[in-house]
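If you're matching them up, the sequences are chains A and B in order.
Under the numbering used here, the first residue of the first sequence is numbered 1, with each subsequent residue one higher.
Under the numbering used here, the first residue of the second sequence is numbered 295, with each subsequent residue one higher.
One or more of the hints may lead you astray.
So the derived label-pair ranges between C-beta atoms look like this [unchecked claim]: (1) A/E248 - B/E369: 57 to 67 Å; (2) A/H272 - B/R376: 39 to 49 Å; (3) A/E66 - B/E369: 42 to 52 Å; (4) B/C429 - A/T100: 43 to 53 Å; (5) B/T449 - A/H272: 26 to 36 Å.
Only pairs whose alpha carbons sit at most 20 Å apart, straight line, appear in this in silico SDA-like list of lysine to any residue [what the hints assert, rightly or not]: (6) A/K43 - B/D334; (7) B/K348 - B/R419; (8) B/K348 - A/D81; (9) A/K43 - B/R419; (10) B/K433 - B/P413; (11) A/K43 - B/R313; (12) B/K348 - A/T59; (13) A/K43 - B/P312; (14) B/K433 - B/C392; (15) A/K43 - B/Q314; (16) A/K43 - B/I310; (17) B/K348 - A/G194; (18) B/K348 - A/L83; (19) A/K43 - B/R321; (20) B/K433 - A/Y63; (21) B/K348 - A/K43; (22) A/K43 - B/K433; (23) B/K433 - A/T59; (24) A/K43 - B/W331; (25) B/K348 - A/D68; (26) B/K348 - A/M41; (27) A/K43 - B/N337.
Read the hints as simulated data drawn from the structure, not as lab findings.
Glycine is no exception: its CB is placed at the ideal position from the N, C-alpha and C atoms.
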Amino acid sequence: MQTPAPFAYERATSVDGAIEALARLGGDARIIAGGHSLLPMMKLRLAAPEHLIDINDLTELAYIREEDGEIRIGALTRHVDLLESELLARRFPLFRDAETVIADPVVRNRGTIGGSLCQADAAEDLSAVCSAAKAQVVIRGGGEERMVGMDSFHVGPYVTAVDQSELVTEVRLPLPAGGLASGSAHEKVERRAGDWAIAAASAALWIEEGRIADAGVALSAVAPTTVHLERAEALLRGQPPSEALFAEAGEIASADCSPSADGRGPVDYKRHLVGVLTRRALRRATERALGGTA
Amino acid sequence: MNVSITVNGEPRAAEIEPRQLLVHFLRETLDLTGTHWGCDTSNCGACVVLMDGKPVKSCTILAAMCEGHEIRTVESLEVDGRLDPVQQGFYERHALQCGFCTPGMLMTARALLDENPDPTEHEIRTAISGAICRCTGYKNIVSAVRWAAEHEAATRQEA
């Protein structure tokens with residue numbers, strides 16, 4: 001039987017209360033939301049917090065809304081709600097692509113976006129999705145709020161910019177200014193339904209007058225951390241979308257990741273796969289941006 | 295710590311360790327052994343129960359987190375000797391052999407039909423994609439859920 005090491009449990013009744021509890025309890029306290037990353041870690045004793053602060057009652061952190069030119073997603077929003085959100089599917093369709101293949105429907109009833117990002121597991125899909133969508137993460141603590149881009153949010157494998165007495169409260173996705181068409185897609189290959197990715201590619205494109213005004217491209221599961229493909233983005237910027245361009249971006253993706261050989265496949269296979277998935281994601285993002293005319 | 299959880303419509307209170315998982319609370323503290331404890335890693339789905347009507351994996355949720363919530367287990371399906379249509383469907387269509395996955399499959403199927411009374415084969419397969427059966431190859435399980443859907447639709451028309 002796998003059972004977590006003993007801990008004390010308390011329920012937060014407000015966001016400020018949760019932050020206050022983190023500050024009061026110090027380094028041995030952890031927030032628990034869906035628990036589908038933390039509890040498995042605790043069962044394996046890879047994590048052994050002495051205090052758990054349950055934030056599942058903080059329903060004020062569960063929402064997806066459009067506000068001030070952004071999509072704002074509360075940290076406690078569950079995978080099932082990300083999957084079913086029509087607003088998100090319209091504005092950032094890569095979320096629905098990813099959520100369709102994250103774990104299984106029962107797990108998706110519990111897991112949250114805040115928990116997924118805070119787990120900072122390179123194989124997890126939403127980190128690449130948020131990186132491609134140029135998300136900002138809102139972190140609250142000590143009476144203040146700060147915003148951190150995905151590159152700074154993920155400090156390393158399983159390590160984030162969130163301090164001990166801070167809480168992630170929101171994820172913000174900037175919407176394109178008027179005149180810009182946008183499209184996005186997430187492409188994943190997995191061994192079986194609900195598994196972690198062998199590799200996955202997320203792409204978001206903002207297109208203006210036939211040229212790519214801006215691009216976001218990121219990869220899951222092919223490096224110790226989520227791979228943000230800045231070289232591929234630089235290549236895409238200013239160019240008209242084309243198959244040749246996407247093939248070149250795919251080659252950069254294959255080169256700029258660092259997969260390791262494991263039960264999911266050897267390195268050369270994963271590099272090849274990353275190239276194919278990057279190309280497919282860019283192609284589908286373009287089709288969506290241009291309403292299927294690309 | 296003390297928890298009170300509504301299980302199958304009855305308020306149940308117990309003194310537990312905070313680290314007790316829901317599956318062990320059900321099986322050991324309440325002696326409701328219908329819920330099976332399988333992989334312990336939220337992969338197999340044998341331990342699925344309904345929390346406020348939604349299927350969850352009880353091996354990956356603390357009993358303490360269920361305080362104030364309603365849990366429904368496989369024991370609640372049969373009422374006064376009458377099987378729930380999903381149970382009857384599993385019987386009619388031979389949707390189990392060893393039976394280990396069955397409680398999780400039944401509760402996952404029950405939740406699906408509560409939300410979507412007329413699911414397609416694809417929708418059924420998606421709904422049970424988090425539940426593993428090593429005996430049946432799933433074909434008869436899908437058929438059993440369809441049987442239950444059709445049976446429930448017929449019952450509703452009669453009513």
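Now the hints, each set against the structure:
Checking the proposed 57 to 67 Å range against A/E248 and B/E369 shows it holds: the Cβ atoms sit about 60 Å from each other. Evaluation of the 39 to 49 Å hint for A/H272 and B/R376 yields a failure: the beta carbon distance comes to about 56 Å. Evaluation of the 42 to 52 Å hint for A/E66 and B/E369 yields a pass: the beta carbon distance comes to about 44 Å. Between B/C429 and A/T100 the beta carbon distance is about 27 Å. The supplied range of 43 to 53 Å is therefore violated.
Taking the beta carbon of each, B/T449 and A/H272 are about 54 Å apart, not inside 26 to 36 Å as hinted. Distance restraint check for A/K43 and B/D334: the Cα-Cα separation of roughly 9 Å lies within the 20 Å cut-off, and the hinted pair is therefore satisfied. For a cut-off of 20 Å, the pair hint linking B/K348 to B/R419 stands: about 17 Å separates their Cα positions. About 13 Å separates the Cα atoms of B/K348 and A/D81, which keeps this hinted pair within 20 Å; it holds.
Distance hint between A/K43 and B/R419 is unfulfilled; the C-alpha atoms sit about 29 Å from each other, more than 20 Å. Between B/K433 and B/P413, the direct Cα distance comes to roughly 15 Å. Compliance with the 20 Å bound is thereby established for this hinted pair. Of the pairs offered as hints, the one joining A/K43 and B/R313 holds, with about 10 Å between alpha carbons and a cut-off of 20 Å not exceeded. A C-alpha spacing of about 17 Å is found between B/K348 and A/T59, which places the hinted pair at or below 20 Å, so the restraint holds.
The hinted pair formed by A/K43 and B/P312 meets the criterion: a straight-line CA distance of about 13 Å does not exceed 20 Å. With a CA separation close to 15 Å, the supplied pair B/K433 and B/C392 stays within the 20 Å bound. Distance restraint check for A/K43 and B/Q314: the Cα-Cα separation of roughly 11 Å lies within the 20 Å cut-off, and the hinted pair is therefore satisfied. A hinted pair counts as satisfied when its Cα atoms are at most 20 Å apart, and A/K43 with B/I310 qualifies at roughly 17 Å.
For the suggested pair B/K348 and A/G194, the alpha carbons sit about 18 Å apart, so the restraint of at most 20 Å is met. With a CA separation close to 16 Å, the supplied pair B/K348 and A/L83 stays within the 20 Å bound. With a C-alpha separation of about 18 Å, the suggested pairing of A/K43 with B/R321 holds against the 20 Å cut-off. Between B/K433 and A/Y63, the direct Cα distance comes to roughly 38 Å. Violation of the 20 Å bound is thereby established for this hinted pair.
Between B/K348 and A/K43 the alpha-carbon distance is near 24 Å, which puts this suggested pair outside the 20 Å criterion. Distance hint between A/K43 and B/K433 is unfulfilled; the C-alpha atoms sit about 34 Å from each other, more than 20 Å. Proximity of B/K433 to A/T59 is assessed by CA-CA distance (about 39 Å); at most 20 Å being required, the pair is judged violated. Proposed proximity of A/K43 and B/W331 is supported: the alpha carbons are some 15 Å apart, at most 20 Å.
Only pairs whose Cα atoms come within 20 Å are accepted, and B/K348 paired with A/D68 is rejected, the gap being roughly 33 Å. A distance of roughly 24 Å separates the Cα atoms of B/K348 and A/M41; the hinted pair therefore is violated under the 20 Å criterion. Proximity of A/K43 to B/N337 is assessed by CA-CA distance (about 14 Å); at most 20 Å being required, the pair is judged to hold.
Hint check: violations occur at hints 2, 4, 5, 9, 20, 21, 22, 23, 25 and 26; the rest are consistent with the structure.
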